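Residue numbers (the working numbering), protein chains in the order written: chain A, 6 to 805; chain B, 206 to 528.
Be aware that one or more of the hints could be misleading.
The calculated DSS-like cross-link candidates involving lysine-lysine, where the alpha carbons are at most 30 Å apart (straight line), are [what the hints assert, rightly or not]:
#1 B/K294 <-> A/K791
#2 B/K367 <-> B/K294
#3 A/K678 <-> B/K283
#4 A/K265 <-> A/K71
#5 A/K746 <-> B/K211
#6 A/K485 <-> A/K265
#7 A/K601 <-> B/K283
#8 A/K601 <-> B/K318
#9 B/K283 <-> A/K791
#10 B/K367 <-> A/K582
#11 A/K678 <-> B/K211
#12 B/K283 <-> A/K582
#13 B/K318 <-> A/K582
Simulated from the structure, these hints should not be mistaken for laboratory data. Please read these numbers as outputs of a predicted model, since none were measured by experiment.
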Amino acid sequence: MSQKQTVQINSAVADHGPSDRVEQVKARFLTYTPEVCPERARLITESYKETEALPMHLRRAKALEKVLAGMSIFIEDDELIVGNQCSKPRSTPIFPEFSCQWLEDELDRLAKRQADVFLISEETKAILRDEVFPYWAGKTNQEYATSLMTPEALDAQGAGVFTVGNYYFNGVGHISVDYKKVLEKGLEGIVAEADAAKASLDCADPEDMKKRQFLDAVIISNKAVIAFANRFADEAERLAAGADAARKAELLEVARICRKVPAQPAEGLQEALQSFWFVQLVIQIESNGHSISPMRMDQYLYPYYAADKENLGAEKVQELMDLLWIKMAGINKVRDENSTQAFGGYPMFQNIIVGGVDRHGEDATNELSLVMMQATANTALYAPSLSVRIHEGTPTLFWKKAAEVARLGLGMPAWYNDRVIVPALLSRGLSLEDARDYGIIGCVEPQVGGKTEGWHDAAFFSMSKVLELALNNGYDPMGKAQLGPQTGSVEDFKTFDDVVAAYQKQMEYFVKLLCHSDNAVDLAHAKNVPLPFLSGMVEDCIGRGKSVQEGGAIYNFTGPQGVGVANVGDSLAAIKKFCFDEQVVSLPELKAAMDKDFEGAEELRQMLVNRAPKYGNDDDYADEVAVMATDIYCAEVEKYRNPRKGIFQPGLYPVSANVPLGSVVAATPDGRKCGQPLADGVSPQGGFDVSGPTATVCSVAKLDHTVASNGTLLNQKFSPDSLAGEDGLQKLIAVTDTFFKRGGFHVQYNVVSRKVLEDAQANPDNYRGLVVRVAGYSAFFTVLDKSIQNDIISRTEQVA
Amino acid sequence: MNWTDKLYDFDALQKPDWEPKGLVFDVQRFAIHDGGGIRTNVFFKGCPLNCLWCQNPESIRWRQDISFVEQHCIQCRKCIAVCPVSAIKTDSCEERVTGIDKEKCILCGACFKTCYAGAINIIGRWLSVEDLVAMVNRDRDFYVASGGGITFSGGEPTGQPKFLLAALQAMQGLGLHTAVETCLHVPWEQLEPLLSHVDLLLTDIKHMDPERHGALTGVSNELILENFRNIAGLGIPVRVRIPLITGLNDDVANLQATADLIASCKNVQGVDVLPYNRLGISKCHQLGCDYALADVAPPSTESVEATADLFRSVADDVTVGGM
Ligand code: SF4
Ligand code: SF4
Chain A
6 MSQKQTVQIN
16 SAVADHGPSD
26 RVEQVKARFL
36 TYTPEVCPER
46 ARLITESYKE
56 TEALPMHLRR
66 AKALEKVLAG
76 MSIFIEDDEL
86 IVGNQCSKPR
96 STPIFPEFSC
106 QWLEDELDRL
116 AKRQADVFLI
126 SEETKAILRD
136 EVFPYWAGKT
146 NQEYATSLMT
156 PEALDAQGAG
166 VFTVGNYYFN
176 GVGHISVDYK
186 KVLEKGLEGI
196 VAEADAAKAS
206 LDCADPEDMK
216 KRQFLDAVII
226 SNKAVIAFAN
236 RFADEAERLA
246 AGADAARKAE
256 LLEVARICRK
266 VPAQPAEGLQ
276 EALQSFWFVQ
286 LVIQIESNGH
296 SISPMRMDQY
306 LYPYYAADKE
316 NLGAEKVQEL
326 MDLLWIKMAG
336 INKVRDENST
346 QAFGGYPMFQ
356 NIIVGGVDRH
366 GEDATNELSL
376 VMMQATANTA
386 LYAPSLSVRI
396 HEGTPTLFWK
406 KAAEVARLGL
416 GMPAWYNDRV
426 IVPALLSRGL
436 SLEDARDYGI
446 IGCVEPQVGG
456 KTEGWHDAAF
466 FSMSKVLELA
476 LNNGYDPMGK
486 AQLGPQTGSV
496 EDFKTFDDVV
506 AAYQKQMEYF
516 VKLLCHSDNA
526 VDLAHAKNVP
536 LPFLSGMVED
546 CIGRGKSVQE
556 GGAIYNFTGP
566 QGVGVANVGD
576 SLAAIKKFCF
586 DEQVVSLPEL
596 KAAMDKDFEG
606 AEELRQMLVN
616 RAPKYGNDDD
626 YADEVAVMAT
636 DIYCAEVEKY
646 RNPRKGIFQP
656 GLYPVSANVP
666 LGSVVAATPD
676 GRKCGQPLAD
686 GVSPQGGFDV
696 SGPTATVCSV
706 AKLDHTVASN
716 GTLLNQKFSP
726 DSLAGEDGLQ
736 KLIAVTDTFF
746 KRGGFHVQYN
756 VVSRKVLEDA
766 QANPDNYRGL
776 VVRVAGYSAF
786 FTVLDKSIQN
796 DIISRTEQVA
Chain B
206 MNWTDKLYDF
216 DALQKPDWEP
226 KGLVFDVQRF
236 AIHDGGGIRT
246 NVFFKGCPLN
256 CLWCQNPESI
266 RWRQDISFVE
276 QHCIQCRKCI
286 AVCPVSAIKT
296 DSCEERVTGI
306 DKEKCILCGA
316 CFKTCYAGAI
326 NIIGRWLSVE
336 DLVAMVNRDR
346 DFYVASGGGI
356 TFSGGEPTGQ
366 PKFLLAALQA
376 MQGLGLHTAV
386 ETCLHVPWEQ
396 LEPLLSHVDL
406 LLTDIKHMDP
416 ERHGALTGVS
426 NELILENFRN
436 IAGLGIPVRV
446 RIPLITGLND
456 DVANLQATAD
466 LIASCKNVQG
476 VDVLPYNRLG
486 ISKCHQLGCD
496 YALADVAPPS
506 TESVEATADL
516 FRSVADDVTV
526 GGM
């Protein structure tokens, strides 16, 4: 029986642009340059020195307590939602307990590197060098994890077959806590729960003795967060004393709220948002794992909104939401230089998802769903990530709002398909109600919030490198070493099936090493960096007396990503067609040309590029091969289990790891040259999608998105003119709807910007599929005369 | 079946002996400005007009053409080796391939087959109705979801009436919305049998004055206007497209006369103002021909808007750029 009451949705609530206050706060935000803040590093090092005799759970809790009590706090002008991550907005704390060798090595380059620059003062460098690094040498989680890995696994990582760098060097993150519980019960409620669990323990039972340590840690850390909120109340009162009457009233209200939440249950929207924000913030001070995803905010905030909306009015609601969005954009993290290639643009992946069905299968859209989409339009920042869920009953006003925001060219919202994701999660053992309640972690990974430790970004795995090894008898032509088993040389392959068999054997070998490496990192986190504050908000950690890192969550997974679907598909399709079906070139000849990076064989390369079938053009020949190659990867991954008693589940998305992973793959049979990036997610290789978006969508829908339950990613580019007007919105909706009816998982749209066109002008080979569409005319952009291209570029500037 | 398959299907270059067959130069999926919704647009080869501003110059001749895209040429010289009539042009020191001598070329296709870089293309493939059905079936869901369908344009689709009729019947058999874009310079006997299979006609009014029309397009507009009025009499839905060419047909008198014509025809559902763009230039170069309007600038935004406003007085649905 449905328990949902039909609520009338007034779409006009989300028609409000940014208020003056929001404009000001955003303008100020944009003036900040990311910087390294030494406070957390210094405080946690001091704390660790003080607690060496204690069990790790207590050390973690006491460290958090010390950081929250000792770090600088501030409230900026015009702010209504308060709480900062470190001493300046957009700056980053340091988390030396996870890893710090790379930071020590790269300290002087942080401000000079290509991507994701962080300023760092000489004082900060001195603090880190004198007080922090010396203590942590030999004690970090990374070093422990390394000690658990076999030499073969380390070699495979070194050669770029896969990388587990994300969790190896950092916290895990990639979680959504039970925000609803926090709002309803407050942190005092969680403390009470932990107290009750403690009371039922048997003090002589050795297992229970461990549980007690964990529960004590939960209590200490929650109380520390309550004290942290009270510091903001004090600060607001201090500022109020010197403020004008209007601001004084605001600050006193902020102070009242910070004394109340997150300690106690929230009432009204501002209290709920503030309570949410403290929790969201401290999770990202406790650990530097990214992708702390708020998920279904339109659902759990709705009661607070509904109770308060008449009182606040729609404009005020929008303003509060916009301010929270800017707060979320201020969270930051410094990564090592290599990782900035895979994660460029300061991303924190705090993913908010709106719409979809509720736990009973009814449409869950409400007015807040629309207000949240509008907040993304109003703030127009790269964060937080906004996603939408689509199901059969998604109302038209929701579709339209989402399409309008997509058209702005922010790359948001990302669209998700309930029809595929709910069954995919069911197949992974979730209950039907939990599956319906899914949200998205980070980029594209679905899970149910508040009870899952999904380890979604466990690794990036280069399917392309595996094919390369299969064509080289296990020898790595880039690293010049035997890396994999000997599975036959190209001279031995008599049929296409022989090639596939070698690929399959290499895949078996390297997926095993991948899962071994992931499990090594997993075990290290459980031992060295349990997170008691986070764990208190994830079911059933308190009940089991275990942190999420030790398997306290209800659902546990590990999700490594396969990268290079299109490259492997296109490469195998070219081999099949030219070396076996048509026999125009032998496999050894092809390989010899690849070994020379097609030097002196440009004709052959052009044949591979232009005459071989390509994945992404709705060409069954190429698509079937891509599907087969991908299934081999997925089936291998599914065989393994993690230390938290969960299964491995494959995903197919790269974030931007396709760039670094491509840099260590030699020339490939699809005509790609040595070191070029691999294809993005399940998208076709750039420049090979010459048949337009409907063909791409048909191709991508042929992959089994249900098996790739850790997420797949499709990026689609549209020129602004194709999305203009009411008709343009309908087209965007039609493409999405059709893709989803055909079994697509995720899609996101980028509006082709002036920048993209300029890049296409400079690098035409990557953009062969970019079409200029005007009435009665079709042409590929890259073959137009330069002056005409310039015309189009200048026109694009006017539209966008 | 997919148009990309056809592109390198060398059999499709040879004139087949089956019927009905259509000579087409492109099939564009996700066409979005040619009749509403998401459509597949089939571009027919051959056109009775020769408009100065033509943006698809490869459409004009009733037979195949050959084109050369210099950016794609890797100068492998294989085309020179295979050409039976020495039609490949090189620069004065015979070092670089620069194009194709159309006078000499016999369109044998040998260079195209050997040019892996895709620099040489034979424009025009023979298409069967079955292939077309297979292609549109791929995108059917998109048409349904967006209110789209199939558009036949070109070139002049009615110039290949047998194939067009069979194709229209097949599309209607699939329940798809059909649009035909025609210049209307066709004998009525050739046009009329097609009309009952067309859900929407897209037609250009290029100039109201017969002489000016002749100067701009190579033919007078008498037959065109007569057909236009006949169609109005039959009540077939029409969208009128106005190519707006700076200095050639954008004077108020001409635009007003066009608007008066539209006002007198109840079947006109909407007007699309299509501002002149210079997209034809590149294609002309690739075909090795000269572009007549090289010095004409696209109309200003103000003039486009003023024109759209003028037509808003006679039609409800006026777009700039098509729908
Ligand atoms: S075959 Fe093609 S790429 Fe080679 S020279 Fe001729 S036109 Fe250029
Ligand atoms: S089509 Fe034949 S005749 Fe014409 S240029 Fe090519 S090879 Fe020569």
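For the pair supplied as a hint, A/K746 and B/K211, confirm whether the alpha-carbon distance does not exceed 30 Å. 28 Å, holds
Assess, step by step, whether the Cα of B/K367 is no farther than 30 Å from the Cα of A/K582, and give holds or violated. With Cα atoms ~37 Å apart, B/K367 and A/K582 exceed 30 Å; violated.
For B/K318 and A/K582, compute the direct alpha-carbon distance and say whether it is at most 30 Å. 16 Å, holds
Holds or violated: are the alpha carbons of A/K601 and B/K318 at most 30 Å from each other? Roughly 26 Å between the alpha carbons, so the hint for A/K601 and B/K318 holds.
Going straight from one Cα to the other, do B/K283 and A/K582 come out at no more than 30 Å? Holds, at roughly 22 Å.
Given the hint that A/K678 pairs with B/K211, test it: the Cα-Cα distance must not exceed 30 Å. With Cα atoms ~27 Å apart, A/K678 and B/K211 stay inside 30 Å; holds.
Do the alpha carbons of B/K283 and A/K791 lie within 30 Å of each other, as the hint requires? Holds - the C-alpha atoms of A/K791 and B/K283 are around 27 Å apart, at most 30 Å.
Assess, step by step, whether the Cα of A/K265 is no farther than 30 Å from the Cα of A/K71, and give holds or violated. 22 Å, holds
CA of B/K294 to CA of A/K791, is that 30 Å or under? 23 Å, holds
Within a Cα-Cα threshold of 30 Å, do A/K678 and B/K283 meet the stated pairing? Holds, at roughly 23 Å.
Is the Cα-Cα distance between A/K485 and A/K265 30 Å or less? With Cα atoms ~63 Å apart, A/K485 and A/K265 exceed 30 Å; violated.
Is the Cα-Cα distance between B/K367 and B/K294 30 Å or less? 38 Å, violated
This entry does not satisfy hints 2, 6 and 10, going by the numbered hints stated previously.
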